[in-house]
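So the protein sequences, as listed, match chains A and B. Number 16 in this note's numbering belongs to position 16 of the first sequence; there are no gaps in the numbering. Number 1126 in this note's numbering belongs to position 126 of the second sequence; there are no gaps in the numbering.
Hint data in this document are derived by calculation from the structure and do not stem from the laboratory. Glycine included, each C-beta is placed from N, C-alpha and C at the ideal position. One or more hints might be untrue.
Some chain A residues near chain B, calculated using beta-carbon distances under 10 Å [to be verified]:
| no. | residue |
| --- | --- |
| 1 | ARG125 |
| 2 | GLY163 |
| 3 | LEU187 |
| 4 | SER188 |
| 5 | GLY190 |
Computed footprint of chain B on chain A; a stretch qualifies when at least three of its residues, placed anywhere within it, have a C-beta under 8 Å from a C-beta of chain B [what the hints assert, rightly or not]:
| no. | region |
| --- | --- |
| 6 | 167–177 |
| 7 | 218–229 |
| 8 | 240–253 |
| 9 | 301–313 |
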Amino acid sequence: MAHYLDFEKPLAEIEGKAEELRAIARQSDDPMDVEEEANALDRKAADMLKSLYKELTPWRKCQVARHPERPHCKDYIDALFTEFTPLSGDRNFGEDQAVMGGLARLNDTPVMVIGHEKGHDTQSRLRRNFGMARPEGYRKAIRLMEMADKFGLPVITLVDTPGAYPGKGAEERGQSEAIARSTEACLSLGVPLVSVIIGEGGSGGAVAFATANRVAMLEHSVYSVISPEGCASILWKDAEKMREAAQALRLTAEDLHKLGVCDRIIPEPLGGAQRDPEGTIRTVGRALKQLLDELSGKDAGTLRADRRRKFLELGSKGLAA
Amino acid sequence: MNWISNYVRPRINSIFSRREVPDNLWSKCDDCGAMLFHREIRDNLNVCTNCGHHMAITPRDRFETLFDGGVFAEIDVPEPVADPLHFRDQKKYPDRMRSAQKSTGEKEAMLVAHGEIGRTPIVAAAQDFSFMGGSMGMYVGNAIVAAAEAAVEHRCPLILFSAAGGARMQEGILSLMQMPRTTVAVQMLKEAGLPYIVVLTHPTTGGVTASYAMLGDVQIAEPNALICFAGPRVIEQTIREKLPEGFQRAEYLLEHGMLDRVTPRKELRGELITITRMLMGLPPAIHGDLPSPDETSTSSAPAEDSETK
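Pulled out of the complex, with its shape left as it was, chain B reads as follows (with noise of 0.2 Å):
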């Protein structure tokens, strides 16, 4: 027994052995910790297969499973003047952005398009949470303008998936302006007698919640979204007291009467398909593909969710 039998060898032997998980291909669940091989979670849109936690999901990968066979159309979002304020904390503004930008892949927070879904045509907006917490600056302002006034001009429903921690602050009172220029686009919408949807994601929060992430015709978030104008934290602090357990989480909302509907990720699209055409006055959405012209002439296809037994 000596040191190096003691010590040494343990910890050579516990830096070897210890198994690293491949970036690519492993990811731990955020809230059960269960290991997720990326094709399982990528097939159930980053909803864990062990414990159903609702992990983020970027634009992209959301619209690809959102729209008719992931085919999309992105709309241009008008490009607005960088660094407006010349605004610099710790960091440069523009530095931040970049940083942003390269982890991301993305330009800015807010993924627009054009496309169908259940062959119904839809306006998406989408946020990007890992794009500096989502927040509502110009751009997402810009991004939101775009596919009210896209929607307007297709004649379709907007379909918005809110995410983020609220305001810009980089670009400061600017961003607050964002509040009353999205509430314009939403009033668009509302002139054109279009349905706007949104789906509040995890976390939606701060001026985005006080805004078009509020001003829905239907109001439905995914399962245990934070939601909420001031945070937990900050609440703690001014009442002094601890909140109850799942405040301002989906359910909460929904119990108070803040939401519609609390729908699980892999049932949305469903559910938006059903609800888009009631409202556009169309036809019950077909499931599956479209029956060959002959078969169409001889049955009649039974309703998917009738409940027969």
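Extracted from the complex, chain A is given alone in its bound form (with noise of 0.2 Å):
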């Protein structure tokens, strides 16, 4: 483990100090019996693990969303679909490498898969743009929404981001057009449109991709109208009251299930999805074929009445619900 989160810090001393150890007796040459202290030191860490991450706050949750190692888009896109074959741009201005998207087979059925994608080192991250996405980015996913539309092909979304970029040449083609624009393509798909936020679910970027017939969440993903320090500088007049916010909001997998936002909350790993990723791959791909054979056999006049009535109806209950 490279990263570790503040409020991780003394589960890094104690899984540091045991790695240490096994080093130490590793390279000296009459070999000490290490192990049952180094043991005892991983038994420590496993409790804390276990503890620290029992109740996990809003504001921690955030953090653990936004983890650097947490596994991306295209990391579900490698190891959970075969033939993939990415499509660019939007055919009007250029291609956004914040959104990826494409054709692929989930279990041997083609789909389309669309995501955000963050990047996982400085150079991959600036090509992503951090997983913002900008106007090209939505009318790409438009563009593979229609065609998915047209072909009779399932549609997944990834979602992953911050939020949508906010940024002068964004706002001069029409950031906020071209959100509301994948909205309402989402909202027309005569094809099944099925959403996981794998990540950070950050407002309108988001919806653009997510107005779908089934919302899953990753157990420590958040989906949120704004940032918690965004909230905080507004409401609170200071950034720092974040955690506050982030309670405020509710913007956490467990409280949005309540709501009825999120229909299913996929559990993550002990530490959350940055301690496996692997695991956490293939949990959300039995979800996504579960998810995908309740909406099988439905035709496109019952998938699109489905969706409408979902989002009508949300939220008429509040937390009761």
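Since each chain sits alone in its own frame, please combine them into the complex, following the hints.
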């Protein structure tokens, strides 16, 4: 583990000690028996991990959702899909690498997969613009969704974005219109649309992909109208109040499930997806299959009507739902 | 010369000579600072008579000058759950609501009505920026859905006047969910083949622009209205450079192909009548009062806007 979150510091210390101990034992000529002590440290670390992750506060969930080593869209596509064929460009202005999309097979069934990609190192993060799409990204997604509709392919979207990119060019080229049209495209699809929030579901940039028949969320992912920092700076006039804002916004999978926004919570391994990316990806793959099975056999009209009804009825009961 | 004549007397004089502006008689233009008499500004639809600056206008005032004879029937909006998240920042959300209701005299941030403009039946919805920044929560979502349903029921166009800072944070994710909900409302109109006209007024930003406010068949904006997804301050912080003059203002958007028209408030009503009547396949509007029956048989009214020299 290279990256620890601030609240994981004590854990980092213990795990570091265990590793150090083993390294010393490996290097020294006469074999020392450190296993017992190292194992004791491991147990202590495991206990600590369990207690840290047993009840993550909403702010800590935001931190986990943004963890740089958390599996990203590309990791899911590489592991779960076969014959992935990326398709590029909005046929209008450019190609936005913050949005990945293309044809692929999920368990041999052809689908259209679209998602935000944040990148995994400095270079790819810059290229992907940290997963913050510009209008071209949304317009590419619209194009791919319409293509999927034309050929009867189910659409899978993987959502992981801090939000749409707030830039000069993005505004000039109609960021808001692109997002609005993408949401509209989601609502018009006559094929199943399943969405998984795998990390951050940031505001309008997320809605544009997640107006789906089924919305699933990974256990520690978040989905919110505004970032806790943004909310804190507006309502508390102090960006440092993000913990309070995260609490008030009800952005965790659990709360969103209660509100009916999230249809299904996909469990994560202890300590978050970043501790076992392969395991997490497999769980998401199983969930995707089940969610698509629930929708299979429904005709275009039903899928469209169900999706609309779902969103029209949303929130009618508040947290009591 | 002593401290009384030097200091105290001028102070006292200044206190007494300070001309207080009565709240209800005079108001100051937000832009040029000209003092405007309340009747003058009201007759001019809250547009400064000195500089042409478009000031905010409440939905009720707008409807009174929009609909024929100021007559309109309010459309009921289904009440959403109050404070669905039990939200509390420095104040409780219900307290913020109450103070907004008290200061505006309105129930919420959107007014929906049915009536006629130039004898053309329409449904209109207007957002109230003075009510918590016009923010879009469950109520505004319900209002837009109710407006679309009413338009479909009466088979008439929907004209929507937007004004909002964005989503209502106090309703968290449920405010965000108004983006898809209001988009469903727009689709209802589309499927019924009815015109949906958006008039963007100052300011229309955030999630509101990224949903119903950008999906009109015809997009009109009032002059100099700020229209954007991310606000100028956020962008300046992100790209760390100064933005050009007029950035994200109505005229700038028009230039960048994001709007059909920028129309001054005074001309808006006539333009809306013209557009809706054409889209609804109706004959041109009759300007002024209807001629009396005997007059119609003898004279044909000249078209008002024909340019005869």
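Next on the checklist: Which constraints among the numbered hints does this structure fail? Numbers only, ascending.
Outcome noted: 1, 5
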